[in-house]
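So the mapping is simple: my numbering equals the position in the sequence shown, first residue as 1, plus 128.
Honestly, the hints are just simulated from the structure, not real lab data.
Honestly, I wouldn't trust all of these hints.
[Said to hold, decoys possible] DEER-style ranges, computed between Cβ atoms:
no.	residue 1	residue 2	range
1	Ser239	Lys132	31 to 37 Å
2	Asp254	Phe455	16 to 22 Å
3	Pro264	Lys132	27 to 33 Å
4	Phe455	Pro264	46 to 52 Å
5	Pro336	Lys132	48 to 54 Å
6	Glu189	His293	30 to 36 Å
7	Ala444	Gly223	14 to 20 Å
8	Pro347	Leu450	36 to 42 Å
9	Glu187	Ser216	17 to 23 Å
10	Leu510	Gly355	30 to 36 Å
[To be verified] With a cut-off of at most 16 Å between alpha-carbon atoms, the simulated EDC-like pairs for lysine to aspartate or glutamate come out as follows:
no.	residue 1	residue 2
11	Lys237	Glu298
12	Lys237	Glu153
13	Lys234	Asp254
14	Lys237	Glu208
15	Lys366	Asp276
16	Lys237	Asp276
17	Lys170	Glu189
18	Lys234	Asp186
19	Lys395	Asp432
20	Lys234	Glu153
21	Lys132	Asp467
22	Lys258	Asp276
23	Lys132	Glu177
24	Lys244	Asp276
25	Lys244	Glu208
26	Lys237	Glu189
27	Lys170	Asp186
28	Lys181	Glu207
29	Lys237	Glu187
30	Lys244	Asp281
31	Lys296	Asp281
32	Lys168	Glu189
33	Lys352	Asp411
34	Lys395	Asp467
35	Lys258	Asp218
36	Lys164	Asp218
37	Lys181	Glu153
38	Lys168	Glu183
39	Lys405	Glu454
40	Lys451	Asp432
Heads up, the beta-carbon is just placed ideally off N, CA and C, and yes, glycines get one too.
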Amino acid sequence: MRTKHTLHPLPSFPVYSCAFVSPTEFVLGGGGGQSKTGIKNKLRLYHVEGHAKVELVDELELASGEDAPMSMAAHPSREEIVAGINSSEDAFKFGPNQNCRVFNVKENKISFAQAKSTLALSGVDDDFQKVTVFSPTGSLLAVGGTRDLSVLDYPSLHPIAAPIHLEKGEIYDAAFSSNRLVVATTVSLLVYALPSEDNKPAEKQSEPQLELLQTIDRPLLPGKDAGSNYRAVRFHPKDEKTLYTVSNTVPPRTRTKSSPRRAFVCKWNTDTWNVTKTRQVSDRGVTCFDISPDGKLLAFGSSDLGVGVLDSQTLAPLLTILKAHEFPPTTIRFSPSSDILISGSADNTIRVAAIPPNLGATSWGSWLLFIVALLVVLFAILAQQ
Numbered sequence: 129m130r131t132k133h134t135l136h137p138l139p140s141f142p143v144y145s146c147a148f149v150s151p152t153e154f155v156l157g158g159g160g161g162q163s164k165t166g167i168k169n170k171l172r173l174y175h176v177e178g179h180a181k182v183e184l185v186d187e188l189e190l191a192s193g194e195d196a197p198m199s200m201a202a203h204p205s206r207e208e209i210v211a212g213i214n215s216s217e218d219a220f221k222f223g224p225n226q227n228c229r230v231f232n233v234k235e236n237k238i239s240f241a242q243a244k245s246t247l248a249l250s251g252v253d254d255d256f257q258k259v260t261v262f263s264p265t266g267s268l269l270a271v272g273g274t275r276d277l278s279v280l281d282y283p284s285l286h287p288i289a290a291p292i293h294l295e296k297g298e299i300y301d302a303a304f305s306s307n308r309l310v311v312a313t314t315v316s317l318l319v320y321a322l323p324s325e326d327n328k329p330a331e332k333q334s335e336p337q338l339e340l341l342q343t344i345d346r347p348l349l350p351g352k353d354a355g356s357n358y359r360a361v362r363f364h365p366k367d368e369k370t371l372y373t374v375s376n377t378v379p380p381r382t383r384t385k386s387s388p389r390r391a392f393v394c395k396w397n398t399d400t401w402n403v404t405k406t407r408q409v410s411d412r413g414v415t416c417f418d419i420s421p422d423g424k425l426l427a428f429g430s431s432d433l434g435v436g437v438l439d440s441q442t443l444a445p446l447l448t449i450l451k452a453h454e455f456p457p458t459t460i461r462f463s464p465s466s467d468i469l470i471s472g473s474a475d476n477t478i479r480v481a482a483i484p485p486n487l488g489a490t491s492w493g494s495w496l497l498f499i500v501a502l503l504v505v506l507f508a509i510l511a512q513q
């Protein structure tokens, strides 16, 4: 079955983040940022039907001078989202940067609920909350910038541990299992143990350090690249022993024409921390990544402007949308029912793809039919002889 998809223009609304709040409703974060472009920074709630119909339900305009929502996550059970939004420079004069924002999404309305400061900025800093991730139960929230990541109790937003600070490299992503937190940095995966519910510190207690269990080096990738950087990480939602990472390669420095910055998806066994499968997915760097809630599909957006979908078991490509946007995709998300995929870009567009339930099965079914047909022909030839 052919996958159908539609490009939806959103005039004067560069898109940077997205989260589904129901199987047919999603929130987009976007705008012109803190630069004085005249483009307002907003959160927008949309209703979607299939791939062709997208309807604006509500929007919340942010205060003047605040940044665009650069990352976002929806709580797995509450009608709430968390977004990374830097305060305005004027607000820094009167208090800390309220970068971690909680919003209610109820009765077709977006409303502000509370905020927490986790990134201390001065007027010259350009850091922002690039990581916003809930744990599977929604009891923990990880929020991080370039070098600092905080793990917060939810919904209190009280830190359960001292912030993770990097002396080397940059933070790009994070993922929770039931008892571990994996932080993807440019140079390694940092695997931390999570405290049990009974061992969470009380609000007035000092926060302990999270226990670092392992540091996983970058995988060995095919080719003659100078190295690679981790770009994204996701646990399999149905199997915590399986983890996926995206690595963008660093081309070697030569006097001739530079090599392409290729991208690879790796599948890991988290018992042994060995890579079990690797696939190159693009000749350019991957910019965003997601796994479907049913665990069957992986999706990515690439700086070659394309969007791709892989089988999570085999990493076989199932769908490729060439030139999905005019600019590289900034966000990509599956719906809770795994039947809709949305990608967004700073080119003021989103693309909505309707994912058939048998997308992966169709690929394997075609191969099986081909093999069966081939065997029938061979037996017919042998019978004639």
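Hint-by-hint comparison with the structure:
no.	hint	result
1	Ser239 <-> Lys132: 31 to 37 Å	holds (34 Å)
2	Asp254 <-> Phe455: 16 to 22 Å	holds (20 Å)
3	Pro264 <-> Lys132: 27 to 33 Å	holds (31 Å)
4	Phe455 <-> Pro264: 46 to 52 Å	violated (32 Å)
5	Pro336 <-> Lys132: 48 to 54 Å	holds (51 Å)
6	Glu189 <-> His293: 30 to 36 Å	holds (34 Å)
7	Ala444 <-> Gly223: 14 to 20 Å	violated (51 Å)
8	Pro347 <-> Leu450: 36 to 42 Å	violated (27 Å)
9	Glu187 <-> Ser216: 17 to 23 Å	holds (19 Å)
10	Leu510 <-> Gly355: 30 to 36 Å	violated (53 Å)
11	Lys237 <-> Glu298	violated (35 Å)
12	Lys237 <-> Glu153	holds (11 Å)
13	Lys234 <-> Asp254	violated (33 Å)
14	Lys237 <-> Glu208	holds (11 Å)
15	Lys366 <-> Asp276	violated (29 Å)
16	Lys237 <-> Asp276	violated (32 Å)
17	Lys170 <-> Glu189	holds (4 Å)
18	Lys234 <-> Asp186	holds (11 Å)
19	Lys395 <-> Asp432	violated (23 Å)
20	Lys234 <-> Glu153	holds (11 Å)
21	Lys132 <-> Asp467	holds (11 Å)
22	Lys258 <-> Asp276	holds (10 Å)
23	Lys132 <-> Glu177	holds (13 Å)
24	Lys244 <-> Asp276	holds (15 Å)
25	Lys244 <-> Glu208	holds (15 Å)
26	Lys237 <-> Glu189	holds (12 Å)
27	Lys170 <-> Asp186	holds (10 Å)
28	Lys181 <-> Glu207	violated (23 Å)
29	Lys237 <-> Glu187	holds (8 Å)
30	Lys244 <-> Asp281	holds (12 Å)
31	Lys296 <-> Asp281	violated (27 Å)
32	Lys168 <-> Glu189	holds (7 Å)
33	Lys352 <-> Asp411	holds (14 Å)
34	Lys395 <-> Asp467	violated (23 Å)
35	Lys258 <-> Asp218	violated (22 Å)
36	Lys164 <-> Asp218	holds (14 Å)
37	Lys181 <-> Glu153	holds (12 Å)
38	Lys168 <-> Glu183	violated (19 Å)
39	Lys405 <-> Glu454	violated (31 Å)
40	Lys451 <-> Asp432	holds (7 Å)
In summary, the numbered hints that this structure violates are 4, 7, 8, 10, 11, 13, 15, 16, 19, 28, 31, 34, 35, 38, 39.
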